[in-house]
Amino acid sequence: FTDLDLLVSRLDDPNLRDGTNYDTLLLLSDFLGPAPNRSLSTTTTTTDRVASLSSTSINHIPPLNSPQSLSLPPPLLGRVAVERRRKTKDGRVKIKLSLLDSGVDKCGICLSQFKEGNSGAVSPACKHAFHEKCL
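Under UniProt numbering, residue 135 is the last one in the sequence shown; the count climbs by one each step, no gaps.
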C-alpha cells in the first residue's frame, strides 16, 4: 500500500464519522497539495509559467516589511465563550465554543484547543481564529 492508500483508508473508518478525522484530512491535504488552478490552460506546465515570468515582474514584488505587504487589517479581538453545552449518552460533556459569533475549535497557529475565557483573535480577511498570545 502507498501512503495515500493508508490515509484514505483512515477516512473510511466508521468510528471516525463524527468529525474526529480532521487531522487525517489535514494530512491528506498536505500530501495532495493545493488544487490546480482551473483558469489556466491544462497544457500549460509549471515550467512554462515560470519561464514566462520576466525579471521585471519579479522585481515588482514588494519586500515583506513594505507598507504594501503589511496592508492586512488588524485582527478582531474577543473572548471565547460557550455557545452550547450538552451531555452525550455515555455521560461526557460536549461544548461548542464561539469567538466573535463564529464557531471555534483549535488555534490556527499552535493547534491547541480553545477553552472558555481564552483571549482570541479572528482575522477579518480569512476568518481564521487564533489565541491572542500566538499572534
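Hint data in this document are derived by calculation from the structure and do not stem from the laboratory.
Certain hints may be false.
In the DSBU-like style, the derived pairs of lysine-lysine whose C-alpha atoms are separated by at most 35 Å in a straight line are [stated by the list, open to error]:
{"hint": "1", "residue 1": "Lys89", "residue 2": "Lys127"}
{"hint": "2", "residue 1": "Lys106", "residue 2": "Lys87"}
{"hint": "3", "residue 1": "Lys89", "residue 2": "Lys115"}
{"hint": "4", "residue 1": "Lys96", "residue 2": "Lys115"}
{"hint": "5", "residue 1": "Lys127", "residue 2": "Lys94"}
{"hint": "6", "residue 1": "Lys87", "residue 2": "Lys127"}
{"hint": "7", "residue 1": "Lys133", "residue 2": "Lys87"}
{"hint": "8", "residue 1": "Lys115", "residue 2": "Lys94"}
{"hint": "9", "residue 1": "Lys115", "residue 2": "Lys87"}
{"hint": "10", "residue 1": "Lys133", "residue 2": "Lys96"}
{"hint": "11", "residue 1": "Lys127", "residue 2": "Lys115"}
{"hint": "12", "residue 1": "Lys96", "residue 2": "Lys106"}
{"hint": "13", "residue 1": "Lys96", "residue 2": "Lys127"}
{"hint": "14", "residue 1": "Lys106", "residue 2": "Lys89"}
{"hint": "15", "residue 1": "Lys133", "residue 2": "Lys115"}
{"hint": "16", "residue 1": "Lys127", "residue 2": "Lys106"}
{"hint": "17", "residue 1": "Lys106", "residue 2": "Lys133"}
{"hint": "18", "residue 1": "Lys106", "residue 2": "Lys94"}
{"hint": "19", "residue 1": "Lys94", "residue 2": "Lys133"}
Simulated restraints, written as ranges between beta carbons of each label pair [said to hold, decoys possible]:
{"hint": "20", "residue 1": "Lys127", "residue 2": "Leu32", "range": "18 to 28 Å"}
{"hint": "21", "residue 1": "Leu135", "residue 2": "Thr88", "range": "14 to 24 Å"}
{"hint": "22", "residue 1": "Ser119", "residue 2": "Pro73", "range": "13 to 23 Å"}
All residues carry an ideal CB built from backbone N, CA and C; glycine is no exception.
Hints versus structure:
1. Between Lys89 and Lys127 the alpha-carbon distance is near 33 Å, which keeps this suggested pair within the 35 Å criterion.
2. At roughly 21 Å between alpha-carbon atoms, Lys106 and Lys87 fall within 35 Å of each other, so this suggested pair holds.
3. Distance check on the hinted pair: Lys89 and Lys115 sit about 23 Å apart at the alpha-carbon level, within 35 Å; holds.
4. A C-alpha spacing of about 10 Å is found between Lys96 and Lys115, which places the hinted pair at or below 35 Å, so the restraint holds.
5. Of the supplied pair hints, the one linking Lys127 and Lys94 holds, its CA atoms being roughly 24 Å apart against a limit of 35 Å.
6. A threshold of 35 Å between alpha carbons decides the hint, and for Lys87 with Lys127 the separation of about 29 Å falls inside it, so the pair holds.
7. Of the pairs offered as hints, the one joining Lys133 and Lys87 holds, with about 31 Å between alpha carbons and a cut-off of 35 Å not exceeded.
8. The straight-line distance between the Cα atoms of Lys115 and Lys94 is roughly 12 Å, inside the 35 Å bound, and the hint therefore holds.
9. Under the criterion of a C-alpha separation no larger than 35 Å, the hint pairing Lys115 with Lys87 is consistent with the structure, at around 17 Å.
10. A C-alpha spacing of about 22 Å is found between Lys133 and Lys96, which places the hinted pair at or below 35 Å, so the restraint holds.
11. A C-alpha spacing of about 18 Å is found between Lys127 and Lys115, which places the hinted pair at or below 35 Å, so the restraint holds.
12. A hinted pair counts as satisfied when its Cα atoms are at most 35 Å apart, and Lys96 with Lys106 qualifies at roughly 12 Å.
13. For a cut-off of 35 Å, the pair hint linking Lys96 to Lys127 stands: about 17 Å separates their Cα positions.
14. Restraint check: the Cα-Cα separation between Lys106 and Lys89 comes to about 25 Å, which is no more than 35 Å; the hinted pair holds.
15. For the suggested pair Lys133 and Lys115, the alpha carbons sit about 14 Å apart, so the restraint of at most 35 Å is met.
16. Taking the CA atoms of Lys127 and Lys106, the gap is near 13 Å; set against the 35 Å cutoff, the hint holds.
17. Proximity of Lys106 to Lys133 is assessed by CA-CA distance (about 14 Å); at most 35 Å being required, the pair is judged to hold.
18. Distance hint between Lys106 and Lys94 is fulfilled; the C-alpha atoms sit about 15 Å from each other, no more than 35 Å.
19. A C-alpha spacing of about 25 Å is found between Lys94 and Lys133, which places the hinted pair at or below 35 Å, so the restraint holds.
20. Distance hint for Lys127 and Leu32: a CB-CB separation of about 23 Å, consistent with the stated range 18 to 28 Å.
21. Our hint of 14 to 24 Å for Leu135 and Thr88 is violated, since their Cβ atoms are close to 34 Å apart.
22. For Ser119 paired with Pro73, a C-beta distance near 19 Å keeps the hint of 13 to 23 Å intact.
Checked against the numbered hints given earlier, this structure breaks only hint 21.
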